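One line per chain: the protein sequences are A, B and C, in this order. All you need for the working numbering is the position in the first sequence, starting with 1, plus 9. All you need for the working numbering is the position in the second sequence, starting with 1, plus 47. All you need for the working numbering is the position in the third sequence, starting with 1, plus 65.
Since the hints were made in silico from the structure, they are not lab data. Predicted model, so just to flag it, every value in this text is computed and none were measured. Incorrect hints may appear among the rest.
Unchecked claim - Example chain C residues on the side facing chain A (calculated, C-beta under 8 Å, incomplete):
| hint | residue |
| --- | --- |
| 1 | 193 |
| 2 | 202 |
| 3 | 245 |
| 4 | 302 |
| 5 | 305 |
| 6 | 307 |
Positions of the beta carbon are idealized from the N, C-alpha and C atoms, including for glycine.
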Amino acid sequence: MSIPRVHYSHLIGFLEALEDLGGKVDAAKIADELSLELDDLLPVIEVAELLGFLKVESGDILLTEEGLKFLSDGIRGRKKYLGERLLKLDLFKKLIEFINKKEDKAITKEELLNFLAEEIHEIDSEVASKWIIEWGRHGLLLRYSSEENKIELYD
Amino acid sequence: MIRLFIAFLISIAFSITYGIIAAKKARAEKILIPILDILQSVPILGFFPAAVFFFVDLFGVSWFGIEFAAIFLIFTSMVWNLTFAVYEQVSSIPKDIEEACESFGVKGWTKIRRLYIPASIPKLVYNGIMSWSGGWYFLVAAEIISLGSKTYILPGIGSFLANATYMGDFGNTFLGLGALLVTILFIDIFVWRPLEAYANRFKYDYVSAIEPSKEVAFPLSRLTSFLVRHPRPLILSGKIVKIFSDLFSTVSNFFAKVYSKLIENIIVTKIFSYSVILVLFSAFMYGLTLLILEQGHLFIESFKLLFIENETAQLVFSMPSAIILSMARLFIAYLIAVAWTLPVAIKISKSPRLFSSLMPIFQTFAAIPAVAFFPFIFVLLMGLPYGQELASILLILTGMQWYLLFNLIGGAKSIPSDIEEVAKTFSVKGKVYWKRFLLPSIYPSLVTGSITGWGGGWNALIVSEYIMFGGKVYSVLGIGALLDIAAYELGNVALLLLCVFAMIVVIFIINRLVWRRLYRIIMERYRIEY
Amino acid sequence: MSTKTQLLTPILDVKNVSKEFNFRGRKVPILKDVSFSVHENEFLSIVGPSGCGKSTLLRIIMGLVPPDKGEVIYKGEKVQSVNPHMSMVFQSFALLPWLNVLENVELGLEAQGIPKKQRQDKALKIIQEVGLEGFEDAYPKELSGGMKQRVGLARALVTDPEILLMDEPFSSLDPLTAEGLREEILRLWSDRFTLPEIVIMVTHNVEEAVYLSDRVIVLSHRPGTIVAEFNIDLMRPRDKRSQRLYELVDRITSLIA
Numbered sequence: 010m011s012i013p014r015v016h017y018s019h020l021i022g023f024l025e026a027l028e029d030l031g032g033k034v035d036a037a038k039i040a041d042e043l044s045l046e047l048d049d050l051l052p053v054i055e056v057a058e059l060l061g062f063l064k065v066e067s068g069d070i071l072l073t074e075e076g077l078k079f080l081s082d083g084i085r086g087r088k089k090y091l092g093e094r095l096l097k098l099d100l101f102k103k104l105i106e107f108i109n110k111k112e113d114k115a116i117t118k119e120e121l122l123n124f125l126a127e128e129i130h131e132i133d134s135e136v137a138s139k140w141i142i143e144w145g146r147h148g149l150l151l152r153y154s155s156e157e158n159k160i161e162l163y164d
Numbered sequence: 048m049i050r051l052f053i054a055f056l057i058s059i060a061f062s063i064t065y066g067i068i069a070a071k072k073a074r075a076e077k078i079l080i081p082i083l084d085i086l087q088s089v090p091i092l093g094f095f096p097a098a099v100f101f102f103v104d105l106f107g108v109s110w111f112g113i114e115f116a117a118i119f120l121i122f123t124s125m126v127w128n129l130t131f132a133v134y135e136q137v138s139s140i141p142k143d144i145e146e147a148c149e150s151f152g153v154k155g156w157t158k159i160r161r162l163y164i165p166a167s168i169p170k171l172v173y174n175g176i177m178s179w180s181g182g183w184y185f186l187v188a189a190e191i192i193s194l195g196s197k198t199y200i201l202p203g204i205g206s207f208l209a210n211a212t213y214m215g216d217f218g219n220t221f222l223g224l225g226a227l228l229v230t231i232l233f234i235d236i237f238v239w240r241p242l243e244a245y246a247n248r249f250k251y252d253y254v255s256a257i258e259p260s261k262e263v264a265f266p267l268s269r270l271t272s273f274l275v276r277h278p279r280p281l282i283l284s285g286k287i288v289k290i291f292s293d294l295f296s297t298v299s300n301f302f303a304k305v306y307s308k309l310i311e312n313i314i315v316t317k318i319f320s321y322s323v324i325l326v327l328f329s330a331f332m333y334g335l336t337l338l339i340l341e342q343g344h345l346f347i348e349s350f351k352l353l354f355i356e357n358e359t360a361q362l363v364f365s366m367p368s369a370i371i372l373s374m375a376r377l378f379i380a381y382l383i384a385v386a387w388t389l390p391v392a393i394k395i396s397k398s399p400r401l402f403s404s405l406m407p408i409f410q411t412f413a414a415i416p417a418v419a420f421f422p423f424i425f426v427l428l429m430g431l432p433y434g435q436e437l438a439s440i441l442l443i444l445t446g447m448q449w450y451l452l453f454n455l456i457g458g459a460k461s462i463p464s465d466i467e468e469v470a471k472t473f474s475v476k477g478k479v480y481w482k483r484f485l486l487p488s489i490y491p492s493l494v495t496g497s498i499t500g501w502g503g504g505w506n507a508l509i510v511s512e513y514i515m516f517g518g519k520v521y522s523v524l525g526i527g528a529l530l531d532i533a534a535y536e537l538g539n540v541a542l543l544l545l546c547v548f549a550m551i552v553v554i555f556i557i558n559r560l561v562w563r564r565l566y567r568i569i570m571e572r573y574r575i576e577y
Numbered sequence: 066m067s068t069k070t071q072l073l074t075p076i077l078d079v080k081n082v083s084k085e086f087n088f089r090g091r092k093v094p095i096l097k098d099v100s101f102s103v104h105e106n107e108f109l110s111i112v113g114p115s116g117c118g119k120s121t122l123l124r125i126i127m128g129l130v131p132p133d134k135g136e137v138i139y140k141g142e143k144v145q146s147v148n149p150h151m152s153m154v155f156q157s158f159a160l161l162p163w164l165n166v167l168e169n170v171e172l173g174l175e176a177q178g179i180p181k182k183q184r185q186d187k188a189l190k191i192i193q194e195v196g197l198e199g200f201e202d203a204y205p206k207e208l209s210g211g212m213k214q215r216v217g218l219a220r221a222l223v224t225d226p227e228i229l230l231m232d233e234p235f236s237s238l239d240p241l242t243a244e245g246l247r248e249e250i251l252r253l254w255s256d257r258f259t260l261p262e263i264v265i266m267v268t269h270n271v272e273e274a275v276y277l278s279d280r281v282i283v284l285s286h287r288p289g290t291i292v293a294e295f296n297i298d299l300m301r302p303r304d305k306r307s308q309r310l311y312e313l314v315d316r317i318t319s320l321i322a
């Protein structure tokens with residue numbers, strides 16, 4: 010999986026719950042605590058792991074130092090930190106490069122869709138584009154205006 | 048009136064079937080919706096010749112054939128807009144409700160009865176009211192069917208009115224109008240009000256109304272409460288009026304219950320729909336074959352005439368300019384219509400008092416066929432320069448404005464209650480309220496109102512550009528007039544069909560280029576999702 | 066730690082409020098004789114079974130709906146119409162679908178006639194504080210539930226209200242998102258800067274009420290009357306798993322059942 014496909018709010022909610030339970034907990038237990046099915050939580054856990062915020066070891070979920078740091082940051086701090094972690098992902102790296110190469114440092118939605126179709130051979134690039142834009146916004150990496158059909162870098 | 052009723056029932060059955068199929072089956076949708084589009088654009092009066100040939104052939108020149116033709120015409124005036132309503136409603140049922148149905152194993156007829164029909168009811172009722180208004184309008188046209196030298200007249204209020212107009216007989220015109228008015232009011236009280244109260248149950252409103260919606264309120268209730276509160280002499284009369292209004296309310300509520308039982312009775316709806324569809328379909332196939340076989344040669348004859356005779360050839364060449372002129376008239380009428388309906392609709396939607404007192408008046412006026420206005424408009428405008436142009440524009444206006452008005456009122460009233468609360472919470476008033484709340488929520492209905500309004504406009508062309516009054520004929524250059532000339536004066540089938548065809552092409556192009564685009568853009572941004 | 070100095074005059078006084086509705090010609094009482102006061106620096110929750118009129122009570126406090134009997138006094142004056150010093154966050158988010166996040170947040174200021182540049186600056190500031198940075202151009206349909214509610218919150222805060230009212234703010238959110246947002250609200254409450262001094266929240270979730278508030282008022286079944294008031298004497302930051310918290314939740318829940 011190269012794009013996180015869960016909502017940012019789920020990631021935060023999960024990490025907060027993990028911290029609450031002491032930072033180390035059995036997978037089944039945390040599912041129980043949150044009254045959710047473990048199956049439902051797997052995507053969130055995957056994403057959190059991908060971003061380096063937690064580790065999974067023999068059925069236990071451990072909050073990493075990065076995870077702890079992330080949680081203790083203020084609202085803006087978290088976003089900046091998230092942005093850094095996202096940039097370590099291949100797909101985001103490539104996307105930022107792609108946009109940088111353009112003269113006006115912006116691409117249209119269609120160009121994004123094409124890019125995704127080629128890069129990740131995505132069956133449904135429309136859905137993928139939505140997730141990329143959402144995480145890009147959260148990490149203060151991307152700006153998107155549907156009115157002007159413009160996706161550009163944050164700064 | 049019975050004709051209207053029959054046509055209406057058939058329309059409902061048809062629209063439910065067609066609409067649901069179109070909404071649910073993606074492949075069918077691709078064919079069905081464009082067809083519906085085209086059908087809706089065809090001016091109803093363009094169906095005339097086809098309908099007449101068809102039914103007259105089927106049943107011979109007998110009472111039966113003509114009656115059917117008339118009913119069919121009225122049906123075509125009502126059905127497209129109802130079908131679209133069902134289609135829209137069924138396709139916008141929130142996904143989670145659909146999923147819930149699936150998980151409970153609700154399929155087939157139960158699903159139709161429990162999900163699709165209830166989902167469509169509010170819009171069906173609302174559009175039904177509009178369709179009836181349209182239906183009354185076409186009654187006149189439908190009851191007098193002329194083709195070439197032959198004229199078929201059916202007994203009915205429509206032909207009565209048209210005759211009176213033609214004779215320039217004001218007295219009879221008034222009489223006819225009066226009778227029409229009474230009938231409409233009657234139907235309003237016994238049919239529409241209860242149905243509306245019934246339909247209210249089916250609305251998706253996110254915040255369940257803090258104050259539950261009121262039951263059917265007889266329009267005079269304000270008057271009665273006023274009277275009852277006043278000192279002695281008036282109390283008695285107040286009491287009498289109150290008794291009447293209570294009586295009416297009870298009757299209305301009773302009917303509301305009756306209708307709900309009827310509609311929700313599965314056996315009734317099942318039998319009804321199946322039989323109607325079956326009959327329609329077989330009749331259609333039969334008639335089509337007959338038509339082609341028997342009338343083919345007539346068509347070829349008249350086609351030859353087109354290019355041989357000078358007169359008719361000239362008419363053919365005047366078509367392009369005719370179309371442009373007609374479009375210009377439509378546009379002017381449209382601007383006038385928007386100019387008055389927009390502010391009025393907004394005013395009315397804000398005040399329940401205005402709403403309950405003015406709506407019946409508007410509905411009544413909407414039902415009066417433009418033909419009935421002819422005499423008055425004539426007397427007024429004939430003396431002025433360009434009098435005839437003005438007259439036809441005004442008449443076109445009457446065909447357009449009600450669609451706009453009712454759609455706009457519907458739109459203005461449907462701002463979700465939680466968004467209304469937001470406006471109150473942040474004390475949003477005046478210009479900001481208009482800019483941020485009112486107008487944006489009205490845009491979708493402005494677009495649908497305009498689309499249907501123009502549809503009505505095209506139809507009105509046919510009666511507004513060519514007028515028979517006091518034994519004489521007045522016409523302006525326009526595609527509607529051309530059509531009428533072809534039908535009434537020349538009896539030339541080919542020319543007639545050519546005109547109809549030209550109209551269809553123009554309407555279709557406008558549809559695709561303008562309305563489709565506009566609709567998509569507006570719905571993208573302004574539709575309120577639940 | 067909530068040492069409320071009862072000697073201070075309350076900012077908000079709800080006095081003997083009653084309300085009934087007309088339903089099919091019958092009068093249905095919704096609220097009966099509700100009285101309580103709210104002082105500054107207080108996070109108050111109102112809980113009760115569904116249908117007990119708590120949302121209506123909130124609207125009466127706001128001035129959106131008039132009470133049939135009784136009155137609401139704000140800073141010594143009777144509330145006659147919508148109180149501009151109060152703001153509300155809605156259960157259904159109630160964002161205008163045709164405006165983007167920035168425009169939605171600015172709404173209250175626009176209604177006050179504040180010029181574009183000023184209200185934009187103010188709105189952007191709040192947007193940052195509430196965690197919406199990066200989403201200024203987004204339209205509501207591009208947002209997840211949690212983000213939508215943040216917009217609702219930002220919109221309510223941008224007008225600098227003295228009292229923030231929240232009508233079941235987390236009920237339309239999934240549990241994980243709700244968790245996160247609750248923590249956020251707590252953080253904002255403790256920095257004493259973003260949220261106003263008084264927050265009144267209506268909820269049916271007793272745990273949430275106890276976790277967040279200084280005081281919890283319990284309403285009865287319709288017609289709603291005050292059954293009990295609880296001072297939540299837990300020190301902040303609170304432990305969601307503390308014994309005392311569970312006890313309080315149990316006691317309150319038993320009153321509602």
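Hints versus structure:
no.	hint	in the structure
1	193	holds (7 Å)
2	202	holds (4 Å)
3	245	holds (4 Å)
4	302	violated (11 Å)
5	305	holds (6 Å)
6	307	violated (12 Å)
Comparing the model with each earlier hint shows violations of hints 4 and 6; every other hint is respected.
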